[in-house]
Amino acid sequence: MAPLSVFRVALLVSFSVFLTVVLGLGLPALLNAAMRMLGLPETNVTECIVMLYLLFVLYVATPRIPRGLVEVKGKAVFVTGCDSGFGHALAKHLHELGFTVFAGCLLKDKGGDGAKELEDFNSDRMKVVQLDVCSEEQVNQAVEYIKDNLSDSERGLWAVVNNAGVSTFGEVEFTSMDTYKQVSEVNLWGTIRVTKAVLPLIRRAKGRVVNLASMYGRMGNIMRSPYCVSKYGVEAFSDCLRYEMKTWGVKVSIVEPGNFIVATGILTRDIVASTANKLWSEAPSHVKEDYGKTHFEQHMALMRSYCNSGQKDVAPVLDDITDAIMSKRPYARYNPMEPHWWIRMQLMTHLPGAISDFLYF
109 MAPLSVFRVA LLVSFSVFLT VVLGLGLPAL LNAAMRMLGL PETNVTECIV
159 MLYLLFVLYV ATPRIPRGLV EVKGKAVFVT GCDSGFGHAL AKHLHELGFT
209 VFAGCLLKDK GGDGAKELED FNSDRMKVVQ LDVCSEEQVN QAVEYIKDNL
259 SDSERGLWAV VNNAGVSTFG EVEFTSMDTY KQVSEVNLWG TIRVTKAVLP
309 LIRRAKGRVV NLASMYGRMG NIMRSPYCVS KYGVEAFSDC LRYEMKTWGV
359 KVSIVEPGNF IVATGILTRD IVASTANKLW SEAPSHVKED YGKTHFEQHM
409 ALMRSYCNSG QKDVAPVLDD ITDAIMSKRP YARYNPMEPH WWIRMQLMTH
459 LPGAISDFLY F
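So the sequence shown is numbered by our numbering: it starts at 109 and just counts up by one.
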């Protein structure tokens with residue numbers, strides 16, 4: 109994870125203190141009572157809890173421990189989805205660090221502004237490639253271009269960052285099967301398609317695979333099922349790949365951004381309005397009748413409220429992706445997100461479903 113801000117450290121330490129009170133006072137008594145009922149000695153229960161607490165503090169409230177950095181010189185990185193958002197900012201950031209960047213842009217051949225801005229670098233280390241991750245042909249062409257343009261000093265491709273993705277929303281019964289397929293085609297199958305195409309180059313360099321998932325790859329939410337389905341798939345694919353690539357010395361990392369709606373512009377009021385019109389107009393008549401227009405409008409108002417939410421700076425995501433690429437011992441998962449989302453994700457993924465559902469739904 110990125111270096112922790114003072115605010116986040118304070119919040120996490122406060123949370124750990126709260127857990128200390130709960131664990132230090134309530135749980136030992138319960139455990140000791142259970143030990144007495146079983147006729148077992150009561151010693152060491154509290155000591156074990158204190159040790160677990162200390163490990164918790166080290167995990168969440170300590171800035172990143174230096175783990176050494178690889179040399180940038182002679183290394184190339186392939187980034188998908190560089191037209192805008194995280195990918196565009198990352199391409200510029202990695203170029204500034206000294207990497208050769210192959211920036212995959214969906215709109216390069218159509219004169220897209222993001223692709224043109226990267227091309228205007230006029231640098232032999234910034235190479236813009238036409239790339240639609242849904243097209244097997246374009247993916248293969250991009251990989252051939254990378255092979256042809258790797259210098260002799262670049263022994264294979266050091267890293268691929270699968271960033272290209274799309275987002276949408278809608279309750280399950282209002283969302284068409286085509287929408288589920290389209291979102292997964294980009295977010296999941298695009299990630300798999302690109303990864304499989306470049307793996308021989310990555311293995312040759314003993315390099316890195318960095319996949320952009322989401323906090324919604326770890327927990328679900330209302331209105332987000334198409335997106336969650338695709339990101340859960342990215343998580344599973346990345347875990348399996350990490351196990352397989354260990355033999356080859358390739359490190360696989362997952363980056364799970366929180367809410368960066370403002371920073372990326374991925375959700376605007378215009379997008380909400382057009383999506384809402386599409387959802388309502390295409391919904392079956394019995395669904396409209398059962399749910400009602402009032403219910404539907406309330407959920408659309410909820411989505412509009414998110415348009416100005418989230419972090420305004422993409423730096424935490426860039427820092428974590430950079431660490432995954434440059435650290436000698438990268439983490440399996442990175443969580444660049446606001447503290448309340450981080451806490452929610454931990455509770456949603458560790459507490460029994462009945463408790464987490466009660467807390468958040």
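The set of hints was computed from the structure by calculation and includes no laboratory data. The model shown is predicted, which means the values in this text are computed figures rather than measured ones. Accuracy of the hints is not assured; some may be wrong.
[What the hints assert, rightly or not] Label-pair distances were calculated between CB atoms; the ranges are: (1) 394 <-> 163: 50 to 60 angstroms; (2) 175 <-> 385: 47 to 57 angstroms; (3) 137 <-> 297: 22 to 32 angstroms; (4) 173 <-> 229: 45 to 55 angstroms; (5) 460 <-> 144: 55 to 65 angstroms; (6) 289 <-> 400: 20 to 30 angstroms; (7) 414 <-> 281: 18 to 28 angstroms; (8) 144 <-> 289: 31 to 41 angstroms; (9) 162 <-> 394: 37 to 47 angstroms; (10) 347 <-> 466: 35 to 45 angstroms; (11) 347 <-> 314: 43 to 53 angstroms.
We treat Cβ as the ideally placed atom computed from N, Cα and C, and that holds for glycine.
**Prompt:** Which hint numbers doesn't this structure obey?
**Reply:** 3, 4, 5, 8, 9, 10 and 11
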